[in-house]
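> Okay, here's what each chain looks like letter by letter:
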Amino acid sequence: MDLVDFARGPALKAAFIIFILGIVWRIVNVLLLRHKRILSEPRRSVGAALLAGLKGTGSRSWPHPEFIKRTVTGEALGYSYHIGLFIVILLFAPHIIFFGSFIGARWPALPNSVVTIFAVITLTLFVAVLARRLGHPVLRRLSNFDDFFSWFVVALLLVSGLMATAHVGAPYHTILGLHILSFDLLLIWYPFGKLMHAFYIFPTRAVDGYVMTRKGAPS
Amino acid sequence: MGRPDLEPTIGELLDRHGVSRRSFFKYCTAMASLLALPPLAARALASQLRSAQRPSVIYLSFQECTGCLESFTRSFAPTIENLIFNVISLDYDDTLMAAAGAQAEQAREQAMRSHYGKYLLVVDGAVPTGDGGVYHCAAGRTGLDILTECAKGAAAVVCVGTCASFGGLPFADPNPTGARAISTLVPDKPVVNVSGCPPIPEVIAGTLLQYVSSGRVPDLDAHLRPTVFYGNSIHDRCYRRPFYDQGKFAKTFDDEGARSGWCLYELGCKGPTTYNACATLKWNNAVSFPIQSGHPCLGCAEPDFWDRGSFYSPIPSPRWGKAGEVSPAQAGDIAAGAAVAGAAIGLGSVMLARQRIKRYQRQPPQQSEPRNEE
Amino acid sequence: MNTSPVQFHASLAPEEANLGERERVAGAMRGFAREIGALSALRLEACVHCGMCADACHFYIATEDPQYTPVLKVEPFKQVFKREASAFAPMFRWFGLKAKITGKELERWQHLLYDSCNLCGRCSLMCPMGIDIAELIEQARRGMFEAGLAPKELYEKAAHQRRTGQPEPSEEPYRDKLLAIGRQFNVDIPLDKPKAQILLTVPRTDIEHYPAAVAALVRVMAHLKADCTFRSDGLIAENYGYYAGSRDWQREISRRLIDQAVACEAKVLIVPECGHAYTALRWEAAELIGKPLPFKVLHITEYLAEALEAGRLRLRPAQVGATAFHDPCQLVRKGGITAAPRQLMRAMGIEPRETVRHIGYNICCGGGGGVFDIERAAPLRHRVVEEKFHDIDQTGAQTFLTSCSDCRRTFDDGKQRFNWELTPGSLLELVAEQLQGG
Numbered sequence: 001m002d003l004v005d006f007a008r009g010p011a012l013k014a015a016f017i018i019f020i021l022g023i024v025w026r027i028v029n030v031l032l033l034r035h036k037r038i039l040s041e042p043r044r045s046v047g048a049a050l051l052a053g054l055k056g057t058g059s060r061s062w063p064h065p066e067f068i069k070r071t072v073t074g075e076a077l078g079y080s081y082h083i084g085l086f087i088v089i090l091l092f093a094p095h096i097i098f099f100g101s102f103i104g105a106r107w108p109a110l111p112n113s114v115v116t117i118f119a120v121i122t123l124t125l126f127v128a129v130l131a132r133r134l135g136h137p138v139l140r141r142l143s144n145f146d147d148f149f150s151w152f153v154v155a156l157l158l159v160s161g162l163m164a165t166a167h168v169g170a171p172y173h174t175i176l177g178l179h180i181l182s183f184d185l186l187l188i189w190y191p192f193g194k195l196m197h198a199f200y201i202f203p204t205r206a207v208d209g210y211v212m213t214r215k216g217a218p219s
Numbered sequence: 001m002g003r004p005d006l007e008p009t010i011g012e013l014l015d016r017h018g019v020s021r022r023s024f025f026k027y028c029t030a031m032a033s034l035l036a037l038p039p040l041a042a043r044a045l046a047s048q049l050r051s052a053q054r055p056s057v058i059y060l061s062f063q064e065c066t067g068c069l070e071s072f073t074r075s076f077a078p079t080i081e082n083l084i085f086n087v088i089s090l091d092y093d094d095t096l097m098a099a100a101g102a103q104a105e106q107a108r109e110q111a112m113r114s115h116y117g118k119y120l121l122v123v124d125g126a127v128p129t130g131d132g133g134v135y136h137c138a139a140g141r142t143g144l145d146i147l148t149e150c151a152k153g154a155a156a157v158v159c160v161g162t163c164a165s166f167g168g169l170p171f172a173d174p175n176p177t178g179a180r181a182i183s184t185l186v187p188d189k190p191v192v193n194v195s196g197c198p199p200i201p202e203v204i205a206g207t208l209l210q211y212v213s214s215g216r217v218p219d220l221d222a223h224l225r226p227t228v229f230y231g232n233s234i235h236d237r238c239y240r241r242p243f244y245d246q247g248k249f250a251k252t253f254d255d256e257g258a259r260s261g262w263c264l265y266e267l268g269c270k271g272p273t274t275y276n277a278c279a280t281l282k283w284n285n286a287v288s289f290p291i292q293s294g295h296p297c298l299g300c301a302e303p304d305f306w307d308r309g310s311f312y313s314p315i316p317s318p319r320w321g322k323a324g325e326v327s328p329a330q331a332g333d334i335a336a337g338a339a340v341a342g343a344a345i346g347l348g349s350v351m352l353a354r355q356r357i358k359r360y361q362r363q364p365p366q367q368s369e370p371r372n373e374e
Numbered sequence: 001m002n003t004s005p006v007q008f009h010a011s012l013a014p015e016e017a018n019l020g021e022r023e024r025v026a027g028a029m030r031g032f033a034r035e036i037g038a039l040s041a042l043r044l045e046a047c048v049h050c051g052m053c054a055d056a057c058h059f060y061i062a063t064e065d066p067q068y069t070p071v072l073k074v075e076p077f078k079q080v081f082k083r084e085a086s087a088f089a090p091m092f093r094w095f096g097l098k099a100k101i102t103g104k105e106l107e108r109w110q111h112l113l114y115d116s117c118n119l120c121g122r123c124s125l126m127c128p129m130g131i132d133i134a135e136l137i138e139q140a141r142r143g144m145f146e147a148g149l150a151p152k153e154l155y156e157k158a159a160h161q162r163r164t165g166q167p168e169p170s171e172e173p174y175r176d177k178l179l180a181i182g183r184q185f186n187v188d189i190p191l192d193k194p195k196a197q198i199l200l201t202v203p204r205t206d207i208e209h210y211p212a213a214v215a216a217l218v219r220v221m222a223h224l225k226a227d228c229t230f231r232s233d234g235l236i237a238e239n240y241g242y243y244a245g246s247r248d249w250q251r252e253i254s255r256r257l258i259d260q261a262v263a264c265e266a267k268v269l270i271v272p273e274c275g276h277a278y279t280a281l282r283w284e285a286a287e288l289i290g291k292p293l294p295f296k297v298l299h300i301t302e303y304l305a306e307a308l309e310a311g312r313l314r315l316r317p318a319q320v321g322a323t324a325f326h327d328p329c330q331l332v333r334k335g336g337i338t339a340a341p342r343q344l345m346r347a348m349g350i351e352p353r354e355t356v357r358h359i360g361y362n363i364c365c366g367g368g369g370g371v372f373d374i375e376r377a378a379p380l381r382h383r384v385v386e387e388k389f390h391d392i393d394q395t396g397a398q399t400f401l402t403s404c405s406d407c408r409r410t411f412d413d414g415k416q417r418f419n420w421e422l423t424p425g426s427l428l429e430l431v432a433e434q435l436q437g438g
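Chains as they are written, first to last, in my numbering: chain S, 1 to 219; chain Y, 1 to 374; chain G, 1 to 438.
Misleading hints may appear alongside valid ones.
[As the list claims (entries may be wrong)] Simulated coverage check for chain Y against chain S, where a stretch passes if three residues somewhere in it have a Cβ under 8 angstroms from a Cβ of chain S:
id, segment
1, 7-17
2, 67-74
3, 232-246
4, 286-298
5, 325-334
[Said to hold, decoys possible] Under 7 angstroms between C-beta atoms, here's a sample of chain Y residues computed to sit facing chain S:
id, residue
6, Pro38
7, Pro39
8, Leu40
9, Ala41
10, Asn175
11, Pro176
12, Arg319
13, Trp320
[As the list claims (entries may be wrong)] Anything over 10 angstroms on all C-beta distances counts as not near chain G; from chain S, calculated:
id, residue
14, Asp2
15, Asp5
16, Phe152
17, Ala217
No lab work stands behind these hints: they were computed from the structure.
Note that this is a predicted model, so its numbers are computed, not measured.
For each residue, glycine too, the CB sits at the ideal point set by N, CA and C.
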């Protein structure tokens, strides 16, 4: 069994199991902690609050105009590399085959050259994100191992993917193996680090929208 | 030439056979281009070749289908006759030689004795090692025995075909005969793998010729294959590559994409992970190669190509266990299992957490009655 | 604007300083443990360290000091949660990935959790993940209190208020002061009626510093012919238990008012111009006593706006020139009272000039959440109020109103410090001056 077969075979299977298991574990652990009843008299109806919670999942995607001036760099960087990642991850032909085989569907791909351009841009943004994290006093103060390791895991995927595309560093087969292995690493790390935010972002926003709107407060 | 050696040089032999210098030079030019040498190198090749001695070659066949030899005999340049009669001295090949039985074995022993340390050993097929090697016997001896004996005095070993190079079909799971690649059985000799199922005839011939002309083992890749032929992937040299880059793929063998000659990646083409010269030298006198005729590359020049699931499963397909490509149902089952396990562990951890929280909460407050206020 | 980080030694009341390390840590664990639940867990887990909350916090904006990043203030709480109750808590413990908290470490957080947070909730509005950071800070304060690390001023005021009903000793009891204000302003103070529809409360700040506002409250209620009363045993609106971070004391202090409202069978409890008192009674009291309140809690501006809508209240136009209004954080961002003060101003012909920061998104006075009471926090709070003055100045307003006496007091203090031209006024006082008819 060579590297690729290991990476997309037993390693992938193990990583996938850890990924699902870890996510469910972590979410269950949050959900089943104590729930405190809210007893104060609501200002707005439960329906209105629920609706606002639902709305909040989307409306928080863009800060209130109030904050944009100060957060524009973070927003711009954050948005652009997320978009770049989504394009590279979901619209590259080999990735579509890979992810498609899990769900039994395939979807149209972007031309490789376009994806490659996005990957290069995304990697550049990623470097900028790291530089900002190291350079910005607040971010530097906040950062911990999780921040850097999660960055590293995703950056490793980008770099190995680009190396495979560009055929540099080692034979394609080897790089492909490393690329898939780094994806396995991502799956394994996922439930343990901040990458979990993908699962928390919408519930947290919804809860905030609900709680605040219940009081009639902005959310 | 005034050489004191007993054996005539190739040049002398050519002269003896009445091959003109002009046609020899033409031949060298063709070979030079085949070996991707610069045009000027043809001259050097010609002079090297002329002054070289024909090496003695012993060709052994083990677990093989003779496809490689069939391929080899279809070499167009240099032709097999050329090779046998002029460039090499094929002293033993039990398929091609007229002699048989004891006579044939004698020829082999004779060649080995008189060219000890200098002859070239060409091997075709994997060697079974299971059960004492009984799955391949010739002249009452096991293949392993014969190989060991012949390899001892060889200058180098050239493995022709994927079976000799990497084990190939006999080696494929579950490998009942304990077949092994030659390079794992001959640890102390230079080994050149000319993989492929079969290898391209020009690649076999070219590799031998390169050895003869230079007297050295050529540059090899990590799988001991001559980089001159195996340096690029099929994918890199594929004429359908632009379609891959544009994201245009045939989805089935009879769809519009297939008819338009689009990339066969999604139909399981192993071109990107296969290193061989098919896309450049092609087959049958450079007429075509599998992808050109509409079939994905099987990856036959790579180790374990039989054991990588369906030939039609795309390279990035996840493969879990021996069943091959993962199915959504299988992925779903595994995910459901993992989720149940995760929920169970989560339940456990949350109970533990709540217990701890409770314990901490029970610690007596020390401030409910401030001690010395006012 | 970059300054070296401001570091203070913890300021502790004597009984807090008495505590040993073990008691301190045990207390912190008890306090934090009580605050761990699904909601706080979700919020603590969701942070991606994007740092944007800093850009919403006026303490960071005014100082550019990264230690004032809101979510960083929650760190001890987060550390305890991760180590004790998160999914991977055992791993955090076994591999020592999250250390046990220590008293020394917590002491350093006193400055961050108390001096540099008004619990104003602006960071919660910014957070792209939707984390209510202000709520987490409030919860973290509760652990600090149990650890005996509430700042001396807040601890002592809370303890005093819990015992006596008023946050600090005074020459004459607040009840008597209240009656004196009635005499001074010639209003009839409704006090200790056995039954009333409405229970009135009063900010200690008004009694001490803005008696006219107390008189205004009484005058307006009288004008509306409201059946209302103050109660000697439940007079003060502020809740220092809330500021200090004591769940128990906050409950006991709130209970005092609730009991009085129940005793006089009030349908409504009116919170005067005090923001944090509103949060404590309107949104937190029911949770703390474990059952819904048997009466409504209304802020005075809400009550007046309702009267306005019902036609019971009519106001004369006020000749006050261009007017800016400061939304107290607890009333807007955490309380949802945005329209009421503007309705009242419009009824007096005032079109408020809004600050550059949008309604509900304005920055704070910098004094709320107990910060004004903490002596050593004054320099920091002054930088915030300076920022706020800047916003107000930009509106070009000549009159500046608010509806929280603590905001007002913070502004007054800032006015002295910076010789600000405007004088912060009370919306309620203005309403009382412009009453029409009846």
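> Against each hint, give a clear statement of whether it holds in the structure.
Do the hints match the structure? See the list:
| no. | hint | verdict |
| --- | --- | --- |
| 1 | 7-17 | violated (count 0) |
| 2 | 67-74 | violated (count 0) |
| 3 | 232-246 | holds (count 6) |
| 4 | 286-298 | violated (count 0) |
| 5 | 325-334 | holds (count 6) |
| 6 | Pro38 | 24 angstroms, violated |
| 7 | Pro39 | 27 angstroms, violated |
| 8 | Leu40 | 29 angstroms, violated |
| 9 | Ala41 | 26 angstroms, violated |
| 10 | Asn175 | 13 angstroms, violated |
| 11 | Pro176 | 19 angstroms, violated |
| 12 | Arg319 | 5 angstroms, holds |
| 13 | Trp320 | 5 angstroms, holds |
| 14 | Asp2 | 33 angstroms, holds |
| 15 | Asp5 | 31 angstroms, holds |
| 16 | Phe152 | 15 angstroms, holds |
| 17 | Ala217 | 4 angstroms, violated |
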